[in-house]
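The chain contents come next:
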Amino acid sequence: MSIDLNTNFGHVTITNEVIATVAGGAAVECYGIVGMASKNQIKDGLTEILRKENFARGVIVRQEEEETHIDMYIIVSYGTKISEVASNVQSQVKYTLNKTVGLSVDSVNIYVQGVRVSND
Amino acid sequence: MTIRTLDGATFAEMVLSGANHLTNNANMIDALNVFPVPDGDTGTNMNLSMTSGANEVRNVQADHVGEVAKSLAKGLLMGARGNSGVILSQLFRGFSKAIEDKETITTVDFAEAMNQGVKTAYKAVMKPVEGTILTVAKDSAEAAYKIAEQEEDIVVFMEEMINHAKSSLKRTPELLPVLKEVGVVDSGGQGLVTIYEGFLANLKGEELPATNEAGPTMNDMVNAEHHKLAQDYMSTDEIEFGYCTEFMVKFEQEKLSQHPYDEEAFRQDLSKLGDSLLVVSDEELIKVHVHAETPGDALTLGQRYGSLVNMKIENMREQHTSIVGEQKKEQPVKKEKADFAIVTVAMGSGIKEMFESLGATVVIEGGQTMNPSTQDITNAIEEAHAKKVIVLPNNKNIVMAAEQAAELADDHVVVVPTKTVPQGMSALLAFHPEQSIEDNQEGMKEAANSVKTGQLTYAVRDTQIDGMTIEKGNFMGILESSISSTHQDKLEAAKQLLRDMIDEEEDEILTILQGEDATSEEVEALESFLEENFEDLEVEVYKGNQPIYSFIFSVE
Chain A
1 MSIDLNTNFG
11 HVTITNEVIA
21 TVAGGAAVEC
31 YGIVGMASKN
41 QIKDGLTEIL
51 RKENFARGVI
61 VRQEEEETHI
71 DMYIIVSYGT
81 KISEVASNVQ
91 SQVKYTLNKT
101 VGLSVDSVNI
111 YVQGVRVSND
Chain B
1 MTIRTLDGAT
11 FAEMVLSGAN
21 HLTNNANMID
31 ALNVFPVPDG
41 DTGTNMNLSM
51 TSGANEVRNV
61 QADHVGEVAK
71 SLAKGLLMGA
81 RGNSGVILSQ
91 LFRGFSKAIE
101 DKETITTVDF
111 AEAMNQGVKT
121 AYKAVMKPVE
131 GTILTVAKDS
141 AEAAYKIAEQ
151 EEDIVVFMEE
161 MINHAKSSLK
171 RTPELLPVLK
181 EVGVVDSGGQ
191 GLVTIYEGFL
201 ANLKGEELPA
211 TNEAGPTMND
221 MVNAEHHKLA
231 QDYMSTDEIE
241 FGYCTEFMVK
251 FEQEKLSQHP
261 YDEEAFRQDL
271 SKLGDSLLVV
281 SDEELIKVHV
291 HAETPGDALT
301 LGQRYGSLVN
311 MKIENMREQH
321 TSIVGEQKKE
331 QPVKKEKADF
341 AIVTVAMGSG
351 IKEMFESLGA
361 TVVIEGGQTM
371 NPSTQDITNA
381 IEEAHAKKVI
391 VLPNNKNIVM
401 AAEQAAELAD
411 DHVVVVPTKT
421 VPQGMSALLA
431 FHPEQSIEDN
441 QEGMKEAANS
451 VKTGQLTYAV
461 RDTQIDGMTI
471 EKGNFMGILE
481 SSISSTHQDK
491 LEAAKQLLRD
501 MIDEEEDEIL
511 TILQGEDATS
521 EEVEALESFL
531 EENFEDLEVE
541 VYKGNQPIYS
551 FIFSVE
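The listed protein sequences derive, respectively, from chains A and B.
With full-length UniProt numbering, the residue at position 94 of the first sequence is 94, and numbering never jumps.
With full-length UniProt numbering, the residue at position 489 of the second sequence is 489, and numbering never jumps.
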């Protein structure tokens, strides 16, 4: 599936992979998140942190009727307020997608798949 | 007086002063907020986080600096709000870890703790963005190391450290382009500097002014910078909740006995009305800020708990329109999408008008030798501005392009592959807006196939086709898609074509579309020919003004 935009000069199609990558990129710029995790933990290895080119495995873009929903699987840093980090990710992803893709997202659902405990 | 060591009580005082100073400047910091999301809440979020930290500190009453720092870190963590709040909590988490066993600290300890804080804070981010509160914290901590090497006096140490923090803050626009664009420093960084300033003021026993004298007032900032940027990303139409609503509720015992106040429940109720919600309450008052479409409902909700004080409601659409209006010319009015639209192709002004009078939404001029491209059709589909669009290409050479355009436009566009203008007209007449797009597609296709099309044109070169030899300049009658007649004389060719087309038993109506090069004498001649040979046939003539085809005949 993809997002289609019509402009005066023609037609723009944005695939879900692009949306996933943009959303993932916006999320990892957020404070308190140490990475994107795969949706399928068993299949892809336990809470393996995804590299940029694999963000799509941790970001699911769903179009249901007229609405766009995004599910994001993330790993957060130990010692942060998880609910707050998640809500920061939500607002940043929503904002970034709107700004760069012109896509208005109806919901951004966050699944915290892991906590990275750093040895300090 | 030289202060060489810092005890828990003094540090606690510093924290309270820092929190207080931040509270006083929260609005100004809000106004600076353009990154990461320009929603103007950094100051508010940092303030709520820091206040939570300060409250914890107030409750511990310890003289052990490690204990005080720990309670600050705990309070910050629990009360962390927003990106900046979370970062702040990390900075002081690392800070408190470094000094957790210390009863008192020196400048060296302080610098070490600051650096630990920065380390912890950087660990919790995958991709640190420089030019933010993180950079300011890092630069100040690095400077603190160097200062602490030579300076034992905590006050002097603090002063110099803050100077570095401020110059780091000034550099943030160089590191983060979005800040430079708007001409502001980073809001989170400003918040951190504000906290440090509060620390220092307490050490020196100074009272800080309520607002930073150097900083512009909130309103200046809001009007000048922040809103200007925000509106680049937003059109007036996109304001979902039109009224910025602010009010306070003064609790009344009588009402509370009926409606016990529950902040979370109240926030939930308000969140249904709009966004940008902020609810702060203490024993006496609730303060509410919400962008709502029905501000009255928000006020009514508040009134359940007491009386309303200090109400302010602003129409953000009006404000936004006036701001936008100054910069841009009027934006095109977005009209509601129609349910159905029909896009079709016509050659000739007369045929165009005819399609329009039959109810086509957009008619593209083109056809035979000037076929519209997929792009033209896509544009027309967009222009039609409807939830469902039916495309009638009216030419077999355009069917492909139309189908391509439909595919690009997703599933709300279908093509009824009409190959001729008469087919297109029949299809258009069979359109029923109250039926589904699938039923229409079916019905229109059927209608298109029930009509016979004959077209009269001339040969542009000598050719042999369909077993006929045609000389350049001869007229040819084309029945559907194959050549059925050819003659040197236009009228003769037309008559032959009509004879081939019309089945006297079945056909009832003949429509003649008069082309550009067809004269009215020729039309009259055809009419009398038809009367003589097919007396039961009803004949209608329209000026199609189409090029190339002298006549287009439609029989059904």
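Everything labelled a hint here was simulated from the structure, so no lab data went into it.
Possibly wrong hints are sitting among the right ones.
Unchecked claim - Under 8 Å between C-beta atoms, here's a sample of chain A residues computed to sit facing chain B:
| no. | residue |
| --- | --- |
| 1 | D4 |
| 2 | V28 |
| 3 | C30 |
| 4 | V34 |
| 5 | S38 |
| 6 | S77 |
| 7 | E84 |
| 8 | V85 |
| 9 | Q92 |
| 10 | Y95 |
| 11 | G114 |
This structure is a prediction, so every number in the text was calculated from the model and none was measured.
Note that the Cβ used here is the ideal one computed from N, Cα and C, for glycine as well.
Q | Numbered hints the structure breaks, given as an ascending list | A | The structure conflicts with hints 5, 11, although it agrees with all the remaining ones.
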